Amino acid sequence: MRKIAVVGGGMAGSAAARELSARGLQVVLIEKTKELGGNIREYGCKATEICTKCNLCLVDQILQEVQESKQIKKLYESKVRDLRGQAGHFTLTIERDGRLEDIEEVDQLILATGFTKWSQIEGGLPEVPPGTSRVLWASELEELLLERKDRGNIEDPLSLGYIPEKVVFLQCNGSRSIKERARFCSRVCCGYSFRMAMTLKKFYPELDASLFFIDLQTGGNIQDLSFRRLEQEGIGYMNCKPIKLKETESGLIITYEDRSTGKIEEVQVDLLILSEGMHPGAQNQFWAELCNFQLDDDGFLYPLEEGEESGIFLAGSITGPGSIADAVKSGKNAAYRIISRQGGDGNV
Amino acid sequence: MEMYDVVFIGNSLQPSDLKSICVEPDMLLACKGELGNFTLRIQKEKETQEIKTRTVIINLLDIRESPLAEVPTWDELQEPEEPVIFLQDLKDLTPAQINGKGLELARDLAQKGKSVYYFYRSLRFNRRNDELYEKARRAGVVFYQYRNGDLEVKGSDGLICESPAMELELHGTIFLAPDLKPNMQLERLARIFNIRISPEGYLQVENVHLQPTYTGKRGVYALEGARNPAGRTDPDQEEAFTLAEIRSLLSNINPLTEEERVVDAEKCAFCYTCYRVCSHGALEPDWEEDAMKVLQIACQGCDTCLNVCPAGAISIEGREEKKKEANLKVFMCENSAATALQRLGKNGFSDLDIENVPCLGSLKKKDLLQHLQKSEDRVLVLGCFEEACKHLFGERWGDKSVKDIQKGLKALHFKEDRLTLLRLSPRMEKDLEKILSLWKEGNL
Ligand code: SF4
Ligand code: SF4
Ligand code: SF4
Ligand code: SF4
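Protein chains in written order, with the working numbering: chain G, 2 to 349; chain U, 28 to 471.
What the hints contain is simulated information worked out from the structure, not anything from laboratory work. This structure is a prediction, so every number in the text was calculated from the model and none was measured. Hints are supplied without guarantee of correctness; some may be wrong.
Said to hold, decoys possible - If you want a taste of the chain G side facing chain U, the calculated C-beta under 7 Å gives, among others: (1) C186; (2) L217; (3) S261; (4) R338; (5) S341.
Said to hold, decoys possible - Okay, derived cross-link-like pairs now, SDA-like style, lysine to any residue, Cα gap no bigger than 20 Å in a straight line: (6) U:K457 with G:D151; (7) U:K162 with G:I215; (8) U:K118 with G:I223; (9) U:K457 with G:N154; (10) G:K242 with U:Y173; (11) U:K128 with U:L104; (12) U:K457 with G:R152; (13) G:K35 with U:E51; (14) G:K150 with U:D313; (15) U:K208 with G:I223; (16) U:K118 with G:N40; (17) U:K461 with G:S160; (18) U:K461 with G:S211; (19) G:K150 with U:R370; (20) G:K264 with U:C188; (21) U:K59 with U:K320; (22) G:K202 with G:K247; (23) G:K150 with U:S464; (24) U:K457 with G:T49; (25) U:K162 with G:S178; (26) U:K457 with G:I155; (27) U:K118 with G:I155.
Idealized CB from N, CA, C, for every residue including glycine.
Could you build all of it, start to finish, from the sequences and the hints given here?
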């Protein structure tokens, strides 16, 4: 039986591989790191007393199934170097352990190579004081949330080293700014900042939390993420971007322009969380050239031909920013399209 | 009788490769059956008839209203007087889809040389809106972000916007973003299909497992205005996903669980408890037997019905009830604690009797009590957070069972903490490790 190659073992690629294998198709999953899960591997639960719909509950069962499936051959620490042939008979050259090897007779291909976090590209604006522990990228807070300590007599449930009294979430970092090479909205950061604010307030009930924002997006499958909701939850919001950050003994001083009054103001906080834009994956250019895809103005891929013709399907944030649920959805979608085209073998 | 691949309730997407038909929501009287084999009873010109279909897509528009009676929405935009004023977010933040429509109309007018203002509190982005926003700006649309309380509409032709930074009085033609309300038919449809409806009146409750277009019942999908407005930002993709899933399903419909849940028609009191409790619409009255029956394809195996049936009429075919000895018993929900334990990777808890259950909803009081017979017996139940339950409301039933028993223990002057329920997520393996070791020692 011929096989489907999936490039990228993040959520979109894993969801696709799972769906294909559940229908009896042979899958080769090519992942550049040592593990599945991609960017979200180190993310943590953001439930308070109730679930805040961060979507992580969708992922671990899928990842575990892919891990255990015998029908999915997993090639870790592998990178695609070349692609030849056409739908039905692709040959992929991959590099593994410093050696090149060919995977022949690949029937169809799913590209799910994901995005690059803004924090991996550069620091952004305003400049963060070096060595500070008072500024965290959202993904760093995710890692702390993964280790959250909910039970027992917990002094420092998020291992911050102190009890924060005032926290500010800085939205639209590495998004919606030509300077930061992204005119687009990353669409997920408003939602996760809201969730993180809720979770922090659960752990530190006295906490004064607010969002510095440009626009407020919806929060995935939360019915209503609005200013009213923020007010209800006691989360402040301020329409501006900071100009300067300064660290002192007692905290971090943020200088900003209050856009409603036009005045320059200062506020002192214990903790500043920087949202992170979802930028195009480092390999998008490579894939565009190799597979004859168009790169859009923002650097994401869109196909010139439908996958049904070219044999190459795109899934996940290779086509633009999106949530975990979006990645699962588009991974499944690509798999479904392949299944209904050539049918599963029926043995589940 | 011919079998359709899809019946659209409301608007058809007209997929050319699928055999489909469109039914107006008020024509639909009843639905029987499950994914792969639904029978819909419909009323057509005073006659009732039946149609058969493998899947159902509920695709209805919301009710759109102007937030201000005297001012039209941009759904009603016609040759306007200049300047043209677009105004959104007056009562509620406008969903991305509607926002996109406003941006598109504003851009078109500006490109025709009209003077256009656009007032908003928050732009909402999806795959199209970034580009539309940029184009509208380039075409000369003047955007103004106002704050709550800053803006006052003086009628359909003027508004005043006052903030410390700026003061502005404008006269022209105002068009508002429409407010969305759920279609009035949704409640009826929820009853007909036996699916859950959100407090806001949509066919998706807030739950990550229902994304993108699932309703809880296999084979019944909610699109457009049938979904909650926040969830739908990219309707084209959601439509494409739903049709792709249906196409792939049609070649191969399988039950989700290997074991069959069956109702003993002799014991069943036909009380409808299970029917109301199942979040997956997997129970159906069987009028020939005068008993409930389980639809095997629709059933997702949460076992909540087994727990709630007052007559004990539902069981899993072929499964023996185990006799249990251990005095430290842990029940773990597959979807949270058990997944977390697997993430933990090691099992240093072999002295605990850990049993995985499909859902908290499946915990029978009888089983819990059985593990609490001896005075040194203790039971720990670990399940999902509220609103994270894969079976939507299963966890509530588990919670209820536990609370009832705790009450009983208290009444008998036993320690309530011999039975404990805690909640966590699959990503809280560190917490799980801690819980298990503390609980083992008895100092949770
Ligand atoms: S907040 Fe996220 S990880 Fe936690 S229960 Fe909800 S969906 Fe699951
Ligand atoms: S989702 Fe929110 S924070 Fe992120 S880029 Fe968009 S508007 Fe900014
Ligand atoms: S086991 Fe769960 S899904 Fe199946 S019929 Fe019973 S309540 Fe419904
Ligand atoms: S709950 Fe039990 S007795 Fe009541 S209808 Fe269902 S199967 Fe019959």
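Here is what the structure says about each hint:
This hint holds: C186 (chain G) has a C-beta 4 Å from the nearest C-beta of chain U, less than the 7 Å allowed. Evaluation of the L217 (chain G) hint against chain U yields a held restraint, the C-beta minimum of about 4 Å falling below 7 Å. At a threshold of 7 Å, the smallest CB-CB gap from S261 (chain G) to chain U is about 5 Å, leaving the interface hint in force. A cut of 7 Å between beta carbons decides the hint on R338 (chain G): the least distance to chain U is about 5 Å, and the hint holds.
Taking 7 Å as the C-beta cut-off, the interface hint given for S341 (chain G) holds, the closest approach to chain U being about 4 Å. In summary, the hint linking K457 (chain U) to D151 (chain G) is supported, as the alpha carbons are separated by about 10 Å, within the 20 Å threshold. Proximity of K162 (chain U) to I215 (chain G) is assessed by CA-CA distance (about 19 Å); at most 20 Å being required, the pair is judged to hold. For the given pair, K118 (chain U) sits about 18 Å from I223 (chain G) by alpha-carbon distance, which is consistent with the 20 Å threshold.
Distance restraint check for K457 (chain U) and N154 (chain G): the Cα-Cα separation of roughly 15 Å lies within the 20 Å cut-off, and the hinted pair is therefore satisfied. Restraint check: the Cα-Cα separation between K242 (chain G) and Y173 (chain U) comes to about 16 Å, which is no more than 20 Å; the hinted pair holds. Among the hinted pairs, K128 (chain U) with L104 (chain U) is consistent with the structure: their alpha-carbon atoms are about 11 Å apart, no more than 20 Å. Restraint check for K457 (chain U) and R152 (chain G): satisfied, since their Cα atoms lie roughly 10 Å apart, inside the 20 Å limit.
A distance of roughly 52 Å separates the Cα atoms of K35 (chain G) and E51 (chain U); the hinted pair therefore is violated under the 20 Å criterion. Our distance criterion of 20 Å between C-alpha atoms is broken by K150 (chain G) and D313 (chain U), whose separation comes to about 49 Å. Straight-line distance between C-alpha atoms of K208 (chain U) and I223 (chain G) comes to about 16 Å, which keeps the hinted pair within the 20 Å bound. The straight-line distance between the Cα atoms of K118 (chain U) and N40 (chain G) is roughly 37 Å, outside the 20 Å bound, and the hint therefore fails.
Among the hinted pairs, K461 (chain U) with S160 (chain G) is consistent with the structure: their alpha-carbon atoms are about 16 Å apart, no more than 20 Å. At roughly 32 Å between alpha-carbon atoms, K461 (chain U) and S211 (chain G) are farther apart than 20 Å, so this suggested pair is violated. With a C-alpha separation of about 16 Å, the suggested pairing of K150 (chain G) with R370 (chain U) holds against the 20 Å cut-off. Between K264 (chain G) and C188 (chain U) the alpha-carbon distance is near 19 Å, which keeps this suggested pair within the 20 Å criterion.
Between K59 (chain U) and K320 (chain U) the alpha-carbon distance is near 12 Å, which keeps this suggested pair within the 20 Å criterion. The hinted pair formed by K202 (chain G) and K247 (chain G) fails the criterion: a straight-line CA distance of about 25 Å is larger than 20 Å. Using a Cα cut-off of 20 Å, the hinted pair K150 (chain G) and S464 (chain U) holds, with the two alpha carbons roughly 14 Å apart. Using a Cα cut-off of 20 Å, the hinted pair K457 (chain U) and T49 (chain G) holds, with the two alpha carbons roughly 17 Å apart.
Restraint check for K162 (chain U) and S178 (chain G): satisfied, since their Cα atoms lie roughly 16 Å apart, inside the 20 Å limit. Pair hint K457 (chain U) plus I155 (chain G) holds up; C-alpha atoms about 13 Å apart against a cutoff of 20 Å. Among the hinted pairs, K118 (chain U) with I155 (chain G) is inconsistent with the structure: their alpha-carbon atoms are about 42 Å apart, more than 20 Å.
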